Amino acid sequence: MKHLLGIRELSAEQITHLLDTAESFRDISKREIKKVPALRGRTVINLFFEASTRTRTSFEIAAKRLSADAINISVSTSSVSKGETLLDTARNLQAMSPDCIVIRHASAGAPYHLTRVCDAAIVNAGDGSHEHPTQALLDALTIREHKNGIEGLKVAIIGDILHSRVARSNVYLLSKLGATVSVAGPGTLVPREFAELIEQGVRVEQRIEDAVADADVVMVLRIQRERQTDAFFPSMREYAVHYGLHPNHLSLAAPDAIVMHPGPMNRGIEVSSEIADGGRSLILDQVTNGVAVRMAVLYLLAGSEHAELPSVHPGEDDLESRAAGGVRGRTRHQTRGTRN
Amino acid sequence: MEFTEKARIMDDARINRALARLASEIVEENHGLTDLVLVGIRRRGVPLANRIADKIEDLEGTRPPVGILDITLYRDDLSTVGAKPIVSGTELPGDIENRTIVLVDDVLYTGRTVRAALDQLIDFGRPRRVQLAVLVDRGNEHRELPIQADYIGKHVPTKKSEIIKVMLTDFDEDEGVLIVERPAAEAAA
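Residue numbers (this note's numbering), protein chains in the order written: chain A, 1 to 340; chain B, 1 to 189.
The hints are simulated quantities; they were obtained by calculation from the structure and are not laboratory data. Quick caveat: nothing in here was measured; it's all calculated off a predicted structure. Check the hints yourself; a few may be wrong.
Unchecked claim - When the alpha-carbon atoms are kept at most 20 Å apart in a straight line, the in silico EDC-like pairs for lysine to aspartate or glutamate are as follows: (1) K34/A / D76/B; (2) K34/A / E91/B; (3) K35/A / D95/B; (4) K30/A / D76/B; (5) K64/A / D95/B; (6) K30/A / D95/B; (7) K30/A / E91/B; (8) K35/A / D76/B; (9) K35/A / E91/B; (10) K34/A / D285/A; (11) K30/A / D123/B; (12) K64/A / D119/B; (13) K35/A / D123/B; (14) K35/A / D119/B; (15) K34/A / E29/B.
Required output: the full structure, derived from the provided sequences and hints.
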């Protein structure tokens, strides 16, 4: 695996390996010295064309905890604001020999575009309404931590499914790992003909109560007002009444159900404060796990040249011989093109 | 990858005797168990550390705490390893500040594993003293760093084309130490 463009391209085995690796990185953030030398001398560029605090900071902390040099470029301070194209920006960054470029862009497919001109490992930190793979991975790590696994769980995803890259990545991931997913939201934001999700075995519900019933995990999504060019529902107040998650909804879920939200939250609209700050809410655990997941992703992509797991010779302390396995070339993952 | 077995240099009984001797040397050198912690280097250093701790308990009536070091993130050859390096995590039994640490590994060869283990250990605290115990020492002529063991189960002079293969029933079907020949293509590389 050279790039992380989306969950759709990953196998269940690759996802599990990423989660297992992330689990071991979680401990590093609890140490007094929160730093290991694994990516010393590597350069990670965070190229953010959309506003982000949580994800960009999380990638920056992850890179720094692995001893990589992290450089942040946001669109307002980059040459993009002077009219430079994404391709030219990418070519210029490539000329500076980064090992990894983390990109967030409003257009689906932008990270894939970068793989065609850059040698660096490309990590999708959210591309339009397409995918947000590290968010799905951190959600999965959080679920696994609290539910001891994902297979057989019932997960309800509530809200603006249509515009949500988080929902899409989560549907792919949770389905691949054996969970049953139901989505619910206003008909305009979860159209019944959402064939792509139904292909994944997802149940599309119109009523939040139907999706939440007996759910082990309830994921609430943010209303993405910035992506909504049409009026998808009459008013925020009406949305809050019909699709906001309230304690009466949660009483329909499994008794030990957990609540998640990718943030930032619109309190009182998609989720009540009572739930957001309640004992079942894992919203801050998700943020903590985000650093561990991003450390795992950077470590596995930026730290290694080769694509085959080496065989470990028993009884040999020589690092070279521990590493000596068959060496294949890098594997480029294909993804679909721009959706917008 | 095909390996050719050249010699079996230790069987289960000899491994057991070597570990008993290491346990007794560790107790003698440290004048007992005060502040002693055994730390095994993943993977095979861990069962070896546990077995030495059991033998120390037989001798002294008290079992020293045993920790686990995973040095994967401290390796200096990350770019040459596979794309799916396995990170298994480090577990130390409490504070190591001012304690005597005995690092335990199966084979001492170039010394780079021990260098990585020392780097990691220092990130967790400042031990008073760090010692090294290995089941097999391949000899100073292969060392790439100024590192040597304090306790050695067996000294085995080897050629670079050879590999010491330690098998423990914790991970393998058989128990013993073999000298095996690297495949010709790899040895020539």
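ask   = Out of the numbered hints, which ones does the structure contradict?
value = 4, 5, 15
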